[in-house]
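Trainee: Chains as they are written, first to last, in numbering that gives the first Met the number 0: chain A, 0 to 322; chain B, 0 to 292; chain C, 0 to 324.
Hints are computed from structural coordinates only; laboratory data are not their basis.
Mixed in with the good hints there might be a few duds.
[To be verified] Below 27 Å or equal to it, Euclidean Cα-Cα: the simulated DSS-like pairs (lysine-lysine) are:
id: 1; chain 1: A; residue 1: 132; chain 2: C; residue 2: 239
id: 2; chain 1: C; residue 1: 130; chain 2: A; residue 2: 131
id: 3; chain 1: C; residue 1: 235; chain 2: C; residue 2: 130
No experiment lies behind these values; they were computed from the predicted model shown.
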Amino acid sequence: MPLLEVRNLSIKYRTPNGEVKALNNLSFTLDKGEILGFLGESGSGKSTLAYAIMGILPSNAKITSGQIIFNGVDLLKASERKLSRIRGKRIALIPQNSMSALSPVHKIGDQMVDVLRTHMRISTKRALRIIKKKLRIARLSSDVTEKYFHELSGGMRQRVMIAMSLLTNPDIIIADEPTTGLDVIVQYQILRELKELQRKLGLSIIIISHDVSVIAYMSTKVAVLYGGYLFEYGSSEEVFRSSKNPYTMLLLRSHPDVKSGRREIMEIPGSPPNMLNPPPGCVFHPRCPFAEDLCKEKVPPLREVSDGHLSRCYFIEKIMGER
Amino acid sequence: MRTFGNRILSKVKSPALVQFWRIYSRDKLGMLGLLILSGITLLSLLAPYLPLKDPFAIVYRRFLPPSFEHPLGTDHLGRDVFSRVIWGSRTSLVIGFIAAGISALIGTTLGSIAGYYGGLIDDILTRIIDIFLMIPAFFLILFIIAVYGSNIIYVMIVIGLLTWPSNARIMRAQVLSIREREFVQAAILMGVSNIKVLIKHIIPNAIHPVIANSILQAAGAIIIEAGISYLGLGDPNAVSWGRIIYEGQSYITSYWWISFFPGVAIAITVLSLYLVGETLSKIFNPKSMALGG
Amino acid sequence: MDGIGPYLLRRGIQTILTIFLIIILNFFIINFAPGDPVRVIAGEFAFSNPEYVENLRKRWGLDKPITERLIIYLTNLMKGDMGFSFRYMQKVSQIIGERILATLLLTFTSLILSFILGVSLGVYSARRHGKTIDISLSFIMLLLYSMPVFWLGILLMLFFSVHLKLFPIAGMFSSRVSYTGFMLVLDVLWHMFLPVLTLTLANLPIYYKITKASVLEQSNEDYVRTFKAYGLRRDKVFKKYILRNAILPPVTIFGLQLGFVLSGAALVEIIYGWPGMGRLLLDAAFYRDYPLLMGLYLVTAVSVALANFLTDITYMFLDPRVKLT
């Protein structure tokens, strides 16, 4: 049985300018020990998914359908009591913008103690012991507890958030854009350490990013999102080595790859969809080189291309021919 | 009023202005402020042509309470209060805008120089700004008026001379950030002289928060002038709301209307300026929290 | 050099230097003003008796060149001598000393009250953002802020003193009876009520607005989202984290207003006949009482500089982001 299963999740936002369908019928599973990467441009709904799982969607968001099943419990229907034992405890979020993720006027240790004590009845002394242990696991010195957030470098701040996510020994960690704001070398360090932690502690991770190389490096399984729809889903190997979806293919082609020796960077023409007034039919059709009339009329369904590999497109065979 | 504005704008050719109006007109309070302010401005401009009694004429019976003939009553000299209040708007608006204008002029100039050239000039200016902010402006103004005379022009100039630091600060911060932008760097590389870069490229883009701040400063100037006039140090020849309150306060227990209505006028005018200024601040600087300097 | 000690030392020296600069600046402004001060004192005598005028000039040292006067003034200042007032025939330090407490009583009380009430109402409003009570409060505050303080004072006096006859019209003490001890305190409080009410109402709105905006801003900060994601209770996040972060701007304002603790109540003092520095300032300006004016400006400048210094120190403790370099 998968650790986390999301079925047909649809979420919309009500804004003063109209409705935004942030997620449409999203389904996926996360097994124990998997690292599932969500790849997509901004506005594709990635963060919405993270917030939905954590139960911290803004008040103007409405979940129109779907289930989020963790350990047999549908998080969308569970009681507050049940949720409080899961959220932040069994599933932890490493939030976006780690640069400002903690209060600037309180000591780091103080804040981590508060987080720990939300889920456990222990003394401050014992809490600090656990915290220092986790900080060390995240490759930070234990005196970080006495520091303030602004005194730390970008990489260190991210590590603090990683340590914080490990406080309650969660089953799942959701890392939302863990590399923003970090310079390339630090990015690599953080990702490598995360991978280590996953291996050592047997964690299951959902990693969200717009950066192809991050997802490629980290994930065992990949879900490609665009305009709120799942466009491709499968093992990392399958999706990156033999992609069966035009969007993914174009995305990969627009990404500079030192190894392949390819010289040109081919950008995807056009721009991301206006979510207030998305294109009819397949959301990607205005930018898709394979688009035909059918694509403008109806949203293509997800098709199983091979075992566990799904793609949303009418002309998968045609694309395979192109390659 | 919004459609009225839209109609005017369709004749104007500036897309930036149209865009601005679209955003501004969504703010109800800002529109209310604009409405009131326009009304007051209109009244003050048209005052000489309206069927008002002569504000200086000492012909009517003294201490008449508000009536149809004298909507706000008459004062201790037999002058019509309603007319004086309307004429007073001219004084206040002129003071407000000229004082704010002087402040904006000096502040923008000094602030952009400091921000653009940086270094020693910047340091000196920042020190000067700090010192200025330490001076209790109201009293310095009081003193200067007392010594140099209570001409209305002095009042305007002095207020402007003492309130420029806040504009300078804003301008400096703006220039610092815009200076690094590509189009500015491009102009500099192309050999455009520094002054031209400042005037043609930087200032037009940086000026917006200063405009918002100036509206708020105009309100401040009106209040300061009112305070000075209230103390009896204002220009005795000008019709000033503060002065009317000053003249009426000895009689306030029996003839309250003399001091009451000018105060209402000040409050409404200042309120409208605050509403407009706050809305402008919100548009030009989403992080602004203070009520201007 | 980093660290608290050197930082304080540096700020302290800066403060002293600034005060010094202001003294010199004020001296020059005042002494370069037109109008012969001697004539002002001498009055009609000036016309009839040139010897008397010369005599006065010598006595007040007004015949010496300006640089000498500056040096004399500064040396006297070091000795604690702020000069002698022409009009009052008293030492300036004495005149100011008599009035300063009365003013401070008024300003400190209303400053603290405005802060407490303004911040509380601001927080209250922020938590009910958009609801009717919030909108109504905001509007009232805006109205209050738009009213000239002296007008507000007059109206309050009219209503409470004249109409309701609840409070005295003017003064700090009852003139007919002479109280002592506890009764004296009550008497002063009774006289103090309206002026303090006026000042508090006038300053309240700015704390309200800043606090409300600050709380709302903090509520949208990333750390709030972090704590939400970890399941911390809303209440705790608000009280411990949001408030603590949001309090900084109001404290800054408090610090700024602290600087005007001597001059800020002037208009109110005049309205209510409160025996403080207000009337003093007005008269000194009007009658060109140079020594008194300089003394008053000096005291005001010192209080502003001190207030800035205190605010800096407080901020140093409140906000760990303050760079001690």
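Trainee: Compare the structure with each hint and give your call.
Mentor: Status of each hint after checking the structure:
{"no.": "1", "hint": "A:132 <-> C:239", "result": "25 Å, holds"}
{"no.": "2", "hint": "C:130 <-> A:131", "result": "44 Å, violated"}
{"no.": "3", "hint": "C:235 <-> C:130", "result": "23 Å, holds"}
Hint compliance for this structure: hint 2 alone is broken.
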